[in-house]
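Let's have the full structure, built from the sequences with the hints guiding it.
Add 473 to a position in the sequence shown, counting from 1, and you land on the number used in this note's numbering.
There's no promise every hint is true.
Unchecked claim - In silico DSS-like pairs for lysine-lysine, Cα to Cα no more than 25 Å straight-line: (1) K609 <-> K702; (2) K551 <-> K762; (3) K609 <-> K524; (4) K765 <-> K702; (5) K524 <-> K765; (6) K762 <-> K524.
Stated by the list, open to error - Here are the in silico distance ranges between beta carbons for each label pair: (7) F674 <-> L511: 44 to 50 Å; (8) M757 <-> Y688: 52 to 58 Å; (9) K762 <-> V739: 30 to 36 Å; (10) S564 <-> L542: 47 to 53 Å; (11) L601 <-> Y772: 29 to 35 Å; (12) S605 <-> S564: 22 to 28 Å; (13) T637 <-> Y688: 46 to 52 Å; (14) S559 <-> T608: 55 to 61 Å; (15) H527 <-> N489: 46 to 52 Å; (16) S559 <-> T637: 24 to 30 Å.
Just so you know, the hints here were simulated from the structure itself, not pulled from any lab data. Since this is a predicted model, take the numbers as computed values, not measurements. Idealized CB from N, CA, C, for every residue including glycine.
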Amino acid sequence: MGNISVITILILSGFNGTANYRITLFTLTSLCYCIILLVNLTIIITVIVDKSLHEPMYIFLCNLCINGLYGTAGFYPKFLNDLLFSTQVISQAGCLLQGFVLHSSVCADFSILALMAYDRYVAICRPLVYHSVMTKKRISVLVFLAWLLPLYLLLMSTVTSISTLCGSIIPKIYCVNFLISNVACSPSIAKDIIPAINYTFYAGHAGFIVWTYVYMIRTCLKSTENMNKFVQTCVPHAFALATFSVSLLFDLLYMRFGSKDLSQHVQNFMAIEFLVIPPLINPMIYGIKLQKIRNRILYADKVFRS
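Spelled out as structure tokens, the structure:
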């Protein structure tokens, strides 16, 4: 038993087959990441600088963009670095850290989207009490919980994933806790019980979002003014929620139940959808659709050019 080596380095086998076009992939990925940084930072800085945007909807949007930067920071720098080398490896600690960042970012995204749905529900269905309900103190508490709960739940999942490894192959281009548990020598509580708790918790988020939209649509059908407000502010949210959910579900369902007969290229595309589409599209959609933000960005651009 004393001669058994301890595995501390993991191999990301998802890069197999990318050797012939790594330079092209590196260039496109760098461009994509730069655009993600640009559009998200534009929304964040605009909301922070302009005091007229210090309203619940824009504060939640700002946090959504911050979370987009947080999640992509857990993937793109490592991915770009791996494209420059012939072998793609990561330490066990680094793998756990990357899994924690990506998982917690996804969960925080869902929590913030749920807050945005609640904000729109109060604004449309209970407009007379909106300012008494969405106070600065309550907004601060809600935002704090939207960050704290995902970090806490995923910290538990990550900590319980720490175990002796009997395998070294991660069949992906980045680390996730489920795949780390698969190469562990002994079954981990993180593989079954804790993910079940997390899924149940966020299924509650999904149910809450559906409930708010049902009530908002009922209310909007009775009033043209409310319908205009719904189209102006809820359509971007619905689009953001849809792109995020679909992108994430593709990867989750394939990772759990998918066939291994798919080519590595298709697997990689499904794996990175939620790391490309939501953080790239969401700030663009909100920046175009929300008039206050659009006008502020156009004004800043005009001042800068003059």
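Verification of the supplied hints:
1. K609 <-> K702: Answer holds: K609 to K702 is near 22 Å, not above 25 Å.
2. K551 <-> K762: Between K551 and K762 the Cα gap is close to 33 Å, so the pair fails against 25 Å, i.e. violated.
3. K609 <-> K524: Holds: K609 and K524 sit about 14 Å apart, inside 25 Å.
4. K765 <-> K702: Within the cut-off at roughly 13 Å; holds.
5. K524 <-> K765: Since the Cα atoms of K524 and K765 sit roughly 11 Å apart, the hinted pair holds (cutoff 25 Å).
6. K762 <-> K524: This hinted pair holds, its Cα atoms lying about 19 Å apart.
7. F674 <-> L511: 44 to 50 Å: Violated, at about 33 Å.
8. M757 <-> Y688: 52 to 58 Å: Check failed, 28 Å falls outside 52 to 58 Å.
9. K762 <-> V739: 30 to 36 Å: Roughly 32 Å apart at Cβ, these two residues keep to the hinted range, so it holds.
10. S564 <-> L542: 47 to 53 Å: At roughly 24 Å between Cβ atoms, L542 and S564 fall outside 47 to 53 Å, so the hint is violated.
11. L601 <-> Y772: 29 to 35 Å: 32 Å, holds
12. S605 <-> S564: 22 to 28 Å: 51 Å, violated
13. T637 <-> Y688: 46 to 52 Å: 51 Å, holds
14. S559 <-> T608: 55 to 61 Å: 56 Å, holds
15. H527 <-> N489: 46 to 52 Å: 49 Å, holds
16. S559 <-> T637: 24 to 30 Å: Since the Cβ atoms of S559 and T637 sit about 28 Å apart, the hinted range of 24 to 30 Å holds.
This entry does not satisfy hints 2, 7, 8, 10, 12, going by the numbered hints stated previously.
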